[in-house]
Structure formats: structure tokens, C-alpha cells
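**Student:** Sequence:
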Amino acid sequence: MMKSLVKARGWLVHALCTGLVLSCRDAISADSFLTLDLGEHVSLDLVLVRHGSFQMGSPPNEPKRNSDEAQRAVTITKDYYIGRFPVTLVQFDRFISQTQYRTEAEAGPSGGFGWDGSKLKQEAGFNWRNTGFEQNGDQPVTTVSYADTLEFCDWLSRKSGRAISLPTEAQWEYACRAGTTTAWHNGNDPTQAGEIAWFKPRSQNATHPVDSAKPNSWGLYIGGNVNEWCKDWYAPYASGPSTDPEQTNPSLSDKPRRVLRGGSWLREVQHTRSAARFRNDPGSRNADNGFRIVCNAPPEPAPAPKILLEEPEPKK
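Here the sequence shown is numbered in our numbering, starting from -2 and rising by one per residue.
For the record, the hints were derived by calculation from the structure and aren't laboratory data. The model shown is predicted, which means the values in this text are computed figures rather than measured ones. Where is the CB? At the ideal position from N, CA and C, for every residue including glycine. Hints are not guaranteed to be accurate.
Pairs of lysine to aspartate or glutamate, EDC-like flavour, derived with a Cα cap of 20 Å [what the hints assert, rightly or not]:
id : residue 1 : residue 2
1  : Lys211    : Glu265
2  : Lys118    : Glu131
3  : Lys75     : Asp241
4  : Lys116    : Glu131
5  : Lys252    : Asp278
What follows is a set of in silico ranges between Cβ atoms, one per label pair, in the way DEER data are often shown [to be verified]:
id : residue 1 : residue 2 : range
6  : Thr96     : Ser214    : 35 to 45 Å
7  : Lys75     : Gln189    : 28 to 38 Å
8  : Asn58     : Gln97     : 48 to 58 Å
9  : Arg47     : Asn246    : 20 to 30 Å
10 : Pro295    : Gln95     : 20 to 30 Å
11 : Pro60     : Ser115    : 26 to 36 Å
Construct the entire structure; sequences and hints are all you get.
**Tutor:** Take a look at the structure:
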């Protein structure tokens, strides 16, 4: 039998009473954060990621890697902010409340793919409000299609005055790695991945609060829990070094599919590796698919010209 979610008001009460981590700073410097006010005491934290270069993908000897993870040197040329957590139910509820938007799972006659107790199954009653397992407001929203995430980004762009979007696949992996070169951002040992990610069977067939695992060294809670939509169309990586890559061609795979990253509660531990890739039809609305957002960071101001307090003595 499907379990229904708690009401949206209950989500908000739960979030406030438990000190929902959406404005938590931990030990990270306060100037590394951007907080967006969503109204009704709900906010969304993003973490500043400085530009740089990294090896995207996995080395050939990484256990249980996939053939689509060929390594390449990637340079990110601009700083950006990325969501500290995947978007939560409380945050998504603010979007729905203000726009009256209906997700594809709600608007279509067939519904989304929710948990029926043994597998994901498509039914008309499954959507972001009802995934088939209990959720609280501090858990990631799921059962959203690619188009649903873009609607959220458009709404938040208008509300915040910033250009909000999904991350590119390269932005996602660069932020996830946080300077590491190991299979997970906490090392190469899959038995330690449970410290940073929720996956099968550890997850017990459900999502978990977005702050319930350990963050990476840049303060991001990333990997596991839900697959996260990225901007890119899925395709093999282009060979050779790349700068600010984004795959905009939908015709380089067997059929047009969008990239998702991070692994999920429904998949095994190897899918939570930093380089692991997943793809799905952009119209899919599964109870293990969610998203996080990014926006550009303003360029650093040029240094102020030096002001001479005294006239220099004339040269003799």
C-alpha cells in the first residue's frame, strides 16, 4: 500500500523545529555561501566554487567503473555557486505554492514512477507529493522531470534576480570531487562510502534528510540519496582537453537522454562514485530522481587604485 506524505505545512514545522540545515554553515567560511530567501522562513544555501582544472571521469583501473567515464582534462573558467544540498520538499513546495505549477507526473494521466514496496511502478497517484515512501520536508524532492526542474529554476531566477540553472555535468563533478582524485570524495574504499552517501541497501528503499551524511571538504552534501539532473544531453565525452564543456547535441547517443549524476537510494554503491554517470529520458519522473541548482558568481572587483597620502619627494 502506498504511504502518503505528510502535509506541506507539517514539512515546514518539521524544518523549523529541527533547525533545518538549509542555512547551516558548519565550519565553512560565511563568505563562501549565498543564501536565497524563498519566503515563509524557507531559504536555500549555495556554496561558492572557485574556477580551476581537474581530471573528469575515472582512471581505467577504478573498480566497477563504466566505459563512458573516459578521463579528460577539464577547465572551469568561472566561479559559480552550487546548491549545498539537492532541492528539498520544503523548497519545492514554496515554488508550487507561489506558481500553482503542476508537475508532469501530476498533469499527465499516467503519473510518476513511485515505490510499490519492491520496485518503481508507474501509477497515476505517484508524484512529488506521494512517492510511495514516507518523506519529511528536509528530504530531497523526487518524481520531477527535466522540464519540472527548469520551471523551478525559472521561478527562482525571477524571485532572486539571479540566473538560476541546473549544473553542467562538469560543474557537478568538479564540485563533487572538491579537489580529490579518488573514486569517492572521501577515498577509494566502498565500505566507507556510507559515510557520505545513501544507496542500496543502506537506504532501506527511501530517501533521507539532505544533511544526514557527511559533506565533502567544500561543504557540499553530494552523492547518493537521489540522482540529480544536469544540463547536458548524454553522449560519450569528447576526446582531449575541454574548457567549460556542456553537451548540447541530443543526437550522440542511442536516443536523446539527459545526464543525471550522484547515484541514488535505489542503486548500488558504485553508482555514487564521483565519476559515475546515469542518463534518462527528460520526461521521466522517477522517485529516485531529483536536482540541485547553480548560478554564476559575480566577478571579483578589480583592485582599487593606490591612493598616495603624501606627494612623493622630487628626484634629485
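**Student:** Determine which of the earlier numbered hints do not hold for this structure and return their numbers in increasing order.
**Tutor:** As far as the earlier hints go, not one is violated by this structure.
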